[in-house]
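Participant: Protein chains in written order, with the numbering used here: chain L, 215 to 328; chain P, 2 to 116.
It is worth saying that the hints were derived from the structure and are not from the lab. Errors might be hidden in some of the hints.
[Claimed, not checked] Cβ pair distances, simulated, as ranges:
{"hint": "1", "chain 1": "P", "residue 1": "Ser54", "chain 2": "L", "residue 2": "His257", "range": "46 to 56 Å"}
{"hint": "2", "chain 1": "P", "residue 1": "Pro99", "chain 2": "L", "residue 2": "Gln259", "range": "33 to 43 Å"}
{"hint": "3", "chain 1": "P", "residue 1": "Leu116", "chain 2": "L", "residue 2": "Tyr253", "range": "20 to 30 Å"}
{"hint": "4", "chain 1": "L", "residue 1": "Leu325", "chain 2": "P", "residue 2": "Phe62", "range": "24 to 34 Å"}
[Stated by the list, open to error] In silico DSSO-like pairs for lysine-lysine, Cα to Cα no more than 27 Å straight-line:
{"hint": "5", "chain 1": "L", "residue 1": "Lys263", "chain 2": "L", "residue 2": "Lys283"}
{"hint": "6", "chain 1": "L", "residue 1": "Lys315", "chain 2": "P", "residue 2": "Lys8"}
{"hint": "7", "chain 1": "L", "residue 1": "Lys285", "chain 2": "P", "residue 2": "Lys8"}
{"hint": "8", "chain 1": "L", "residue 1": "Lys285", "chain 2": "L", "residue 2": "Lys275"}
{"hint": "9", "chain 1": "L", "residue 1": "Lys315", "chain 2": "L", "residue 2": "Lys272"}
Computed from a prediction, not measured in an experiment: that's the story for all the values here. Every residue, glycine too, gets a C-beta built ideally from N, C-alpha and C.
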Amino acid sequence: AQSVSQHNHHVILSEAASLELGCNYSYGGTVNLFWYVQYPGQHLQLLLKYFSGDPLVKGIKGFEAEFIKSKFSFNLRKPSVQWSDTAEYFCAVNANTGFQKLVFGTGTRLLVSP
Amino acid sequence: SAVISQKPSRDICQRGTSLTIQCQVDSQVTMMFWYRQQPGQSLTLIATANQGSEATYESGFVIDKFPISRPNLTFSTLTVSNMSPEDSSIYLCSVVPPGSTDTQYFGPGTRLTVL
Chain L
215 AQSVSQHNHH
225 VILSEAASLE
235 LGCNYSYGGT
245 VNLFWYVQYP
255 GQHLQLLLKY
265 FSGDPLVKGI
275 KGFEAEFIKS
285 KFSFNLRKPS
295 VQWSDTAEYF
305 CAVNANTGFQ
315 KLVFGTGTRL
325 LVSP
Chain P
2 SAVISQKPSR
12 DICQRGTSLT
22 IQCQVDSQVT
32 MMFWYRQQPG
42 QSLTLIATAN
52 QGSEATYESG
62 FVIDKFPISR
72 PNLTFSTLTV
82 SNMSPEDSSI
92 YLCSVVPPGS
102 TDTQYFGPGT
112 RLTVL
């Protein structure tokens, strides 16, 4: 069965600090990878996704993620965070089999202090 | 993407009662999904709802507890039956809009508290 691990449950950063959130998955086949974000009081939104091609993908609000197949990882990065990035971030995976079932990580709560 | 609405946005219910949650989408979609997010935990898929067929439930979820209807391509309901405090969660629906190729978009969720 697929599983997704997010190593950091809570992260606290100051504005302008760099961010990297870890995500590892377990599945031997081809996968689609996603990062979703949930801002306080808002619903879950797609941040970025990887299906194929360039393993470095860029999303909204200056976020990017790198797919490293050999490490089964899809880490999220942002060079300089802002207070408005305070949110919960979820990594998710679905096996590229057409069934579209998403398996989510446990989420990382990011707090950016001004 | 798609505009997805859910009703109710939140509710407080008594043990042993049932609650039906509605999910409405602004475009026709083949599959809709229902997820649960228990307090402090991640999202877990309950079932996949295809129009015109029985919903497909994930391991640990059964139709008697979580009956789902999918009467047309823009609407679905999830009922949480015979509720207990352990059912207190956020329930979310998601869809793959036309042209979105395996990308799910989520509704705002229904926050359920069972006393």
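Participant: Any hints from earlier that this structure breaks? Give me their numbers in increasing order, please.
Facilitator: Hint check: 1, 2 and 7 fail, others pass.
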